[in-house]
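Using the sequences provided together with the hints, build the complete structure.
In the order they appear, the protein sequences are chains C and W.
Residues in the first sequence are numbered consecutively from 312, following my numbering.
Residues in the second sequence are numbered consecutively from 612, following my numbering.
Think of the hints as simulated: they come from the structure by calculation, not from any bench.
Do not take every clue at face value.
Ranges between beta-carbon positions, derived for each pair [as the list claims (entries may be wrong)]:
| hint | chain 1 | residue 1 | chain 2 | residue 2 | range |
| --- | --- | --- | --- | --- | --- |
| 1 | W | D890 | C | D502 | 40 to 48 Å |
| 2 | W | L627 | C | G397 | 49 to 57 Å |
| 3 | C | G397 | W | D776 | 54 to 62 Å |
| 4 | C | G590 | W | G747 | 37 to 45 Å |
| 5 | C | Y595 | W | T717 | 32 to 40 Å |
Think about it this way: if two alpha-carbon atoms lie no more than 25 Å apart in a straight line, the pair counts; the simulated DSS-like pairs of lysine-lysine are [said to hold, decoys possible]:
| hint | chain 1 | residue 1 | chain 2 | residue 2 |
| --- | --- | --- | --- | --- |
| 6 | W | K641 | W | K789 |
| 7 | W | K819 | W | K628 |
| 8 | W | K819 | W | K877 |
| 9 | W | K716 | C | K515 |
| 10 | W | K715 | C | K515 |
| 11 | C | K515 | W | K628 |
| 12 | W | K726 | W | K788 |
| 13 | W | K641 | W | K819 |
| 14 | C | K515 | W | K712 |
| 15 | W | K819 | W | K782 |
| 16 | W | K618 | W | K628 |
| 17 | W | K909 | W | K898 |
Each residue gets a CB set at the ideal place from its N, CA and C atoms; glycine is no exception.
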Amino acid sequence: MRLASSKQASSVSKPGKTQRPRGRAGQSNLSGILLVLPALIVLGVLYIYPLISSIIMSFVSEQGIGLYNYRKAINLYWVDIFFTIGITLISLAIVFIISVAIAGYLRFNQWPFLNFVYRLPLFIPFLIAGHSMRVFLAPHGILNIILTRITGIPELPGLAFGWPGLVIAFVWKQFPQATLLILGAFQSVPDSCIEAALNLGSNKFRAIWQIVLPIASPTVLVAMVLTFVSTIGCLTIPLLIGPSKPVMLPVDMSFRITYFNDWGVANALGVISYLLVIGLSFYYLRYMVKKEEA
Amino acid sequence: MATLRIKGLTKTYGQLKALDNVDLTVEEGKLAAILGPSGSGKSTLVRAIAGFVVPDCGEIFLGERDITHERPEHRNTAMVFQSYALWPHMTVYQNIAFGLKLKKKTPEEIAKKVKWALELVDLPGLEERLPTQLSGGQQQRVALARALVVDPEILLLDEPLSNLDAKIRYKLRFEIKKLQKRLNITTIYITHDQEEALSIADSVVLLKDGRVMQAGAPQDIYSRPGDLFVAEFLGASNIVTGKTLRDEGGLYASLGGTRLPVPDDKKENDEVSLILRADEVELTTEKPAESEDYYVLKGILCDQMYLGSRWRYEVSTPEGHSLLVDHDRNLAAHSEIYLCISRDRLYIY
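See below:
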């Protein structure tokens, strides 16, 4: 009986089945849009609207519409623009070396301790990271106390409040995320590709550099772009640990607004930051397109 | 080129013995096929030779050199992987030249050698292609060229053809064999395909659960399988299990109404396995004369299958077993027939 009834059920449901996909497709379109909607709203309200309004406002000043804000921004802050680019690129280079080194090491070796420890800065907010680096790198900070004990030199210059301290803080805060991404990409390179290289006489370093890194390059680039973007846009760390002159662009922006209520120049500086990021994105996209074509 | 000698190689992963006291010698310029089902330890063995697996104990000698604890990059072995493992970001030329660059050859030497290698594998003119622009067979040839170009002392092929379709596999199999003979390079060829192993190898080593079950020339191993597993793995079409019987003449097994001898270690009512291959049995409709050379079994045809060049019949014996037997003529169903099988072609375990 049961068998018969189930057979009936299936034969009855057959025509329904053929109709169902259409209904489902319509439904999934709607539910898909509903699912994406919150993200779209957040993106629109918190990113696209401010972006457009800041671009517009950067052209508006007391002198009317024009490039006045840009002229002023470049006159006052051209050193800071180059300083920002320089610090970001130096940090990026060091982050690249450290994260590739750690990911390369962990690709070949199991070391759970390292695998755990390198991620710690991920969970530390920028404010805390900046502050702890300030304490660590100050003239009488923890680092110098240790170095004094070891070397016996009583007075050592502090690294905080200078560009090396800023770079150290950025690197320490940024490398875990890059490492996490790069390690994931390294691990997805098949063992056989690496073993083929070792087998032909390559050492591990060369296997990482010439085989693993190029194969993982799309993800490595993503990691570098993310690091670049979040370094160039970071306010807290330069504010806490950076030198008082020159400063990073976000500090200038905050300064223009806090002390002069000068939104025009602040927005002009913001747009300049965008352009720097867009410049990098352009290279990134060009590289990816080339790779796709190949 | 060098002789490979492996002594007492053992590797365990937790409880699992991947290699269990493996002894193996491959003479200079010979091709040894390591044959076994998946999980038999064949990949572990070849990876231990290449240096990617550190054995728990045992020794590996390449010529006079003890390479057991040598790093992979210093062993001068060359491996071809099942997945080809070509580097996707490099052209064919760069892939093949990689090993030569590591050997600090001049650009002219490298160009010459790469050209030689590509001609060797019959792929001239593809230098500037990327691996993704090649077919599976071409990729495997490039992988072979990449391995051979560095003049390795031993060539390790880890299921090199199992990702290819049957036709290309068949063709490449013979090309590999020819190349290996031409270069006179000691070669280990891992496969789970018995036909591939038998057709290509100078010697076949059968592995099971990390142990060498039998090793020898293909003909020997095929015609004298040492035990049930080997016989089964080398493609037995008929495996019949029954019980040993006893009468005044002693212990025996019965198949097709014929008295068959059983191994000495059997007791009464022990399980006994009889193995015969479909193509090694002669089927006749008339009763053949008694002979010392062959057994004659009785049976009845109960089913048939046309295979193109011949028919395959299912024959049921008086004991109730059914056997598959090949014959080149169409016979009437349910007719009584006789099976002649050479005494050394009926394996009894």
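We went through each hint and held it up to the structure:
Between D890 (chain W) and D502 (chain C) the Cβ separation comes to about 41 Å, which falls inside the hinted range of 40 to 48 Å. Remark: the range hint 49 to 57 Å for L627 (chain W) to G397 (chain C) is upheld by a beta-carbon distance near 56 Å. Checked against the given bound of 54 to 62 Å, the beta carbons of G397 (chain C) and D776 (chain W), roughly 57 Å apart, stay inside it. Separated by about 42 Å at the C-beta atoms, G590 (chain C) and G747 (chain W) satisfy the suggested range of 37 to 45 Å.
Look at Y595 (chain C) against T717 (chain W): about 37 Å separates their beta carbons, and that is inside 32 to 40 Å. Of the pairs offered as hints, the one joining K641 (chain W) and K789 (chain W) holds, with about 12 Å between alpha carbons and a cut-off of 25 Å not exceeded. Distance restraint check for K819 (chain W) and K628 (chain W): the Cα-Cα separation of roughly 11 Å lies within the 25 Å cut-off, and the hinted pair is therefore satisfied. Using a Cα cut-off of 25 Å, the hinted pair K819 (chain W) and K877 (chain W) holds, with the two alpha carbons roughly 24 Å apart.
Restraint check: the Cα-Cα separation between K716 (chain W) and K515 (chain C) comes to about 20 Å, which is no more than 25 Å; the hinted pair holds. Taking the CA atoms of K715 (chain W) and K515 (chain C), the gap is near 17 Å; set against the 25 Å cutoff, the hint holds. Distance restraint check for K515 (chain C) and K628 (chain W): the Cα-Cα separation of roughly 28 Å exceeds the 25 Å cut-off, and the hinted pair is therefore not satisfied. Only pairs whose Cα atoms come within 25 Å are accepted, and K726 (chain W) paired with K788 (chain W) is accepted, the gap being roughly 21 Å.
Only pairs whose Cα atoms come within 25 Å are accepted, and K641 (chain W) paired with K819 (chain W) is accepted, the gap being roughly 22 Å. With a CA separation close to 16 Å, the supplied pair K515 (chain C) and K712 (chain W) stays within the 25 Å bound. With a CA separation close to 28 Å, the supplied pair K819 (chain W) and K782 (chain W) exceeds the 25 Å bound. Restraint check for K618 (chain W) and K628 (chain W): satisfied, since their Cα atoms lie roughly 16 Å apart, inside the 25 Å limit.
Restraint check for K909 (chain W) and K898 (chain W): satisfied, since their Cα atoms lie roughly 9 Å apart, inside the 25 Å limit.
Against the hints set out earlier in the document, violations occur for numbers 11, 15.
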